[in-house]
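Chemist: Those letters in the sequence shown? Residues 1 to 93, per our numbering, in order.
Among the hints, a few may not be true.
The calculated label-pair distances, taken between Cβ atoms and stated as ranges, are [as the list claims (entries may be wrong)]:
#  : residue 1 : residue 2 : range
1  : 77        : 50        : 33 to 41 Å
2  : 36        : 58        : 40 to 48 Å
3  : 25        : 83        : 38 to 46 Å
4  : 62        : 40        : 23 to 31 Å
5  : 29        : 87        : 20 to 28 Å
6  : 45        : 25        : 31 to 39 Å
7  : 66        : 45        : 40 to 48 Å
8  : 53        : 78        : 17 to 25 Å
9  : 82        : 42        : 37 to 45 Å
10 : 84        : 36        : 30 to 38 Å
11 : 87        : 33        : 28 to 36 Å
Hints were generated in silico from the structure; no laboratory data involved.
A virtual CB, placed ideally from N, CA and C, is assigned to each residue, including glycine.
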Amino acid sequence: MPPASRHPRPAPEGQRPPSKAAPTLQKKAGRPKGVPSTIVNLRIPVDLLAALDRYIDRLEGQTGLKANRGMIARRALELFLETRATDSSARSR
């Protein structure tokens, strides 16, 4: 089988090639800017996930800002760990 040609072929009669003047905008993807991070897979119960989704819907309704599971889970974990660090330092005194 011959390799595919790298030269564009003219469009068949009556059809126009797609316009290159208006490229489609792509949604940003990948790692967020800021501190280095990694992906962690986490298995959580379906009812806890449903509660998280309800919270996100309520938060978006109150603030008008978009939120997603990852950003809410990161913030919740951060607050949990800060609280535990404060509790353990208060108990050790």
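Chemist: Is 40 to 48 Å right for how far apart the beta carbons of residue 36 and residue 58 are?
Modeler: Violated - the Cβ-Cβ distance for residue 36 and residue 58, about 31 Å, lies outside 40 to 48 Å.
Chemist: For the pair residue 84 and residue 36, does the Cβ-Cβ distance stay inside 30 to 38 Å?
Modeler: 23 Å, violated
Chemist: Holds or violated: 40 to 48 Å for the Cβ distance of residue 66 and residue 45?
Modeler: 25 Å, violated
Chemist: Honestly, do residue 62 and residue 40 meet the 23 to 31 Å range at C-beta?
Modeler: Since the Cβ atoms of residue 62 and residue 40 sit about 28 Å apart, the hinted range of 23 to 31 Å holds.
Chemist: Looking only at beta-carbon atoms, does the pair residue 82, residue 42 fall within the given range of 37 to 45 Å?
Modeler: Violated - the Cβ-Cβ distance for residue 82 and residue 42, about 19 Å, lies outside 37 to 45 Å.
Chemist: Go ahead and decide if the range 20 to 28 Å is satisfied by the Cβ distance of residue 29 to residue 87.
Modeler: Given range 20 to 28 Å: violated, Cβ gap about 38 Å.
Chemist: Measuring from beta carbon to beta carbon, are residue 25 and residue 83 in 38 to 46 Å?
Modeler: 41 Å, holds
Chemist: Is it true that the C-beta distance of residue 77 to residue 50 lies inside 33 to 41 Å, as the hint says?
Modeler: 19 Å, violated
Chemist: Do the beta carbons of residue 87 and residue 33 sit within 28 to 36 Å of each other?
Modeler: 32 Å, holds
Chemist: For the range 31 to 39 Å, tell me whether the beta carbons of residue 45 and residue 25 fit it or not.
Modeler: At 37 Å between Cβs, range holds.
Chemist: Is 17 to 25 Å respected by the C-beta to C-beta distance linking residue 53 and residue 78?
Modeler: 20 Å, holds
When held up to the earlier numbered hints, the structure conflicts with 1, 2, 5, 7, 9, 10 and fits the remainder.
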